[in-house]
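K.L.:
Starting from the given sequences, assemble the full structure and let the hints guide the process.
Top to bottom, those sequences are chains A and B.
Read in order, the letters of the first sequence are residues 1 to 222 in my numbering.
Read in order, the letters of the second sequence are residues 1 to 248 in my numbering.
One or more of the hints may lead you astray.
Counterexamples of contact, computed for chain A against chain B with all Cβ distances above 10 Å [said to hold, decoys possible]:
| hint | residue |
| --- | --- |
| 1 | Ser-19 |
| 2 | Ile-25 |
| 3 | Tyr-40 |
| 4 | Ala-96 |
| 5 | Met-100 |
| 6 | Ile-102 |
| 7 | Tyr-107 |
| 8 | Val-109 |
| 9 | Phe-158 |
| 10 | Phe-161 |
| 11 | Leu-222 |
Some but not every residue of chain B turned toward chain A, in silico, with C-beta under 10 Å [said to hold, decoys possible]:
| hint | residue |
| --- | --- |
| 12 | Gly-22 |
| 13 | Leu-25 |
| 14 | Ile-48 |
| 15 | Gly-49 |
| 16 | Lys-52 |
| 17 | Glu-54 |
| 18 | Gln-57 |
| 19 | Lys-74 |
| 20 | Arg-78 |
| 21 | Met-80 |
| 22 | Leu-89 |
| 23 | Phe-90 |
| 24 | Asp-104 |
| 25 | Phe-160 |
| 26 | Asp-162 |
| 27 | Tyr-212 |
Please keep in mind that the hints were generated in silico from the structure rather than gathered at the bench.
Owing to the predicted nature of the structure, the values given are computational and were not obtained by experimental measurement.
Here a beta-carbon is modelled for each residue, glycine too, at the ideal position from N, C-alpha and C.
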Amino acid sequence: MGVYSKLVLDECIQIGINSVFIVSIVSTFIGAVTCVQTAYNLVSPLVPLTIIAVIVRDSTILELAPTITCVVLSGKVGSNIAGGLGTMRITEQIDALEVMGINSSSYLVLPKVLASMITFPMLVILAGFLSIYGGYIAGTAADIITPEDYISGLRSDFKPFSITFALIKSVVFAFLISTISSFKGYYTAGGALEVGQASTAAVTNSCIAVLAADFLLAQLLL
Amino acid sequence: MIEIKNIQKTFGERTILSGISGKFLPGDTSLIIGGSGTGKSVLLKCMIGLIKPEEGQVLYDGRDFLTGDEDTQKAIRREMGVLFQGGALFDSKTVLENVRFPLDMLTNMPTSEKMERAQFCLQRVGLENAADRMPSEISGGMKKRVGIARAIVMNPKYLFCDEPNSGLDPLTSIKIDELIREITDEFKITTVVITHDMNSMMEIGEKIMFLYQGKKMWEGTSSTITQSNVAELNEFIYANKLLRDTKA
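P.N.:
In structure tokens:
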């Protein structure tokens, strides 16, 4: 296996697999809360209960799974990337690569960007499933909705483009988070304090970029 | 041979290096000495291509490193080994992987040959038993030795060491100095060491260049350094109480 393929694979594990736990927890609870709060707001007996599942499904696929997952990942992955690269910069590891004649940005940054763009859509798919499942568990356990109504709601008036839209968003967010965080980390100058500042700036800037891109993509594609 | 000609470097309005020239011969351990902030590390970074000076030339056996084409620069870089101040070992790799890294990235050698070469270099610096340890698990002196092993793994013609004794106890410092001298003699490398350690200066300084406020103030050998009439150099050398007492 080539050096770069191995690096991308390692980064996929670091960025993707190591984020499965946090993504699972966050998305399951978000689905559950969405279901409970939607039910709380539906007081009219004229509105069928299946609408709860429709709302959980659409809000999950269109917004919660891609955007909330990526905001969470911008904290976890973004700070990890910026902190790692910043530490490498201040401890002269990046200089060591340059002196050897290795293109440090291509060696260090490219695998992170590629791995993010590969794993983020997978994490978003997982988040989507778990969020909807979280809604199912909460709805049925709290006697808000019957399993049959929930599944019927999930199946009604489904637009497949929602999935495409969520995946497009996840790839764009992955690119933004990994490049912004890499930039902040790679150009760190100073010491440990500056590494911390770079990590904070990476997370803040990534979050803002994700939310701005979210709005732009919604305007462009929906 | 490495030759530097009229190296000038400024950061903003501040002149860091002002017209530094000199020659570093194969098989010699040449020292660049001076107090903190005199431009030693900047000069080293100019020589290894991490900083581009405004003016001047760095010639490696006649090949201009700064203005040469990409192939020339690449070829020169492959002949260079650098020991950074903190070792600059890759945190995510074991000691052996760190040493093997340049071979993995820059050569097409078979894996067995790479392993053999990396293990030879580790053995040469006395760390064959630490091959599987992570950089966080070894001491500062061991990190420097791993850094030396990594620097020599590609059989370099030029070895640069940036403050190899910083942060080390006197005994470990002497061991590192001896190792640098032995390697220089053994492989006939052109070695340039940046230091402000007086022990190193007397132990391994076959040729010494003294920098003061970005200028070359004195050049000579360890045997002539104590006879210099340069006030700044004498002030630097005799800042050490032991040497001051010896002189008195």
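K.L.:
Are the hints correct? Go through all of them and say.
P.N.:
Tested hints:
1. Once the 10 Å rule is applied to beta carbons, Ser-19 of chain A is consistent with being away from chain B; the minimum gap is 18 Å.
2. For Ile-25 of chain A, the requirement that its beta carbon stay farther than 10 Å from each beta carbon of chain B is met, with the minimum near 27 Å.
3. Separation of Tyr-40 of chain A from chain B is adequate, the least Cβ-Cβ distance of about 48 Å exceeding the 10 Å criterion.
4. The beta carbon of Ala-96 of chain A sits about 4 Å from the closest Cβ of chain B, which is not more than 10 Å, so the claim that it is off the interface is violated.
5. The beta carbon of Met-100 of chain A is not kept farther than 10 Å from every beta carbon of chain B, the shortest such distance being approximately 5 Å.
6. Here Ile-102 of chain A does not stay apart from chain B, with its beta-carbon only about 5 Å from theirs, under the 10 Å limit.
7. A Cβ of chain B approaches the Cβ of Tyr-107 of chain A within 10 Å, the least distance being about 8 Å, so the stated non-interface status is violated.
8. Non-interface call for Val-109 of chain A relative to chain B: holds, since the shortest CB-CB distance, roughly 15 Å, exceeds 10 Å.
9. Here Phe-158 of chain A stays apart from chain B, with its beta-carbon at least about 44 Å from theirs, past the 10 Å limit.
10. The beta carbon of Phe-161 of chain A is kept farther than 10 Å from every beta carbon of chain B, the shortest such distance being approximately 41 Å.
11. No beta-carbon of chain B comes within 10 Å of the beta-carbon of Leu-222 of chain A; the shortest separation is about 42 Å.
12. The beta carbon of Gly-22 of chain B is not positioned within 10 Å of any beta carbon in chain A (closest approach about 20 Å), and the interface hint is therefore violated.
13. At a threshold of 10 Å, the smallest CB-CB gap from Leu-25 of chain B to chain A is about 22 Å, leaving the interface hint violated.
14. Among the interface hints, the one on Ile-48 of chain B holds; its C-beta lies about 5 Å from the nearest C-beta in chain A, closer than the 10 Å criterion.
15. For Gly-49 of chain B, the shortest C-beta to C-beta distance to chain A is roughly 7 Å, which falls under 10 Å, so the interface hint holds.
16. Restraint check, Lys-52 of chain B versus chain A: the minimum CB separation of about 12 Å is more than 10 Å; hint violated.
17. Interface hint at Glu-54 of chain B: violated, since its Cβ lies 20 Å from the closest Cβ of chain A, which is beyond the 10 Å cut-off.
18. With a cut of 10 Å, the hint placing Gln-57 of chain B at the interface with chain A is violated, because the nearest CB-to-CB distance is about 19 Å.
19. Interface hint status for Lys-74 of chain B: upheld, as the beta-carbon distance to the closest one in chain A is roughly 5 Å, under 10 Å.
20. Because the smallest distance between the Cβ of Arg-78 of chain B and any Cβ of chain A comes to about 6 Å, under 10 Å, the interface hint for this residue holds.
21. Nearest Cβ of chain A to the Cβ of Met-80 of chain B: about 6 Å, under the 10 Å cut. The hint holds.
22. The beta carbon of Leu-89 of chain B is positioned within 10 Å of a beta carbon in chain A (closest approach about 8 Å), and the interface hint is therefore held.
23. Proximity of Phe-90 of chain B to chain A holds as hinted, the smallest CB-CB distance being about 6 Å (cut-off 10 Å).
24. Look at Asp-104 of chain B: its Cβ gets to within about 7 Å of chain A, closer than 10 Å, so that hint holds up.
25. Taken as an interface hint, Phe-160 of chain B checks out: its beta carbon lies about 8 Å from the nearest beta carbon of chain A, inside 10 Å.
26. Against a cut-off of 10 Å between C-beta atoms, the interface hint on Asp-162 of chain B holds, since the closest Cβ of chain A lies about 9 Å away.
27. For Tyr-212 of chain B, the shortest C-beta to C-beta distance to chain A is roughly 25 Å, which exceeds 10 Å, and the interface hint is violated.
Violated hints, in rising order: 4, 5, 6, 7, 12, 13, 16, 17, 18 and 27; the structure is consistent with all others.
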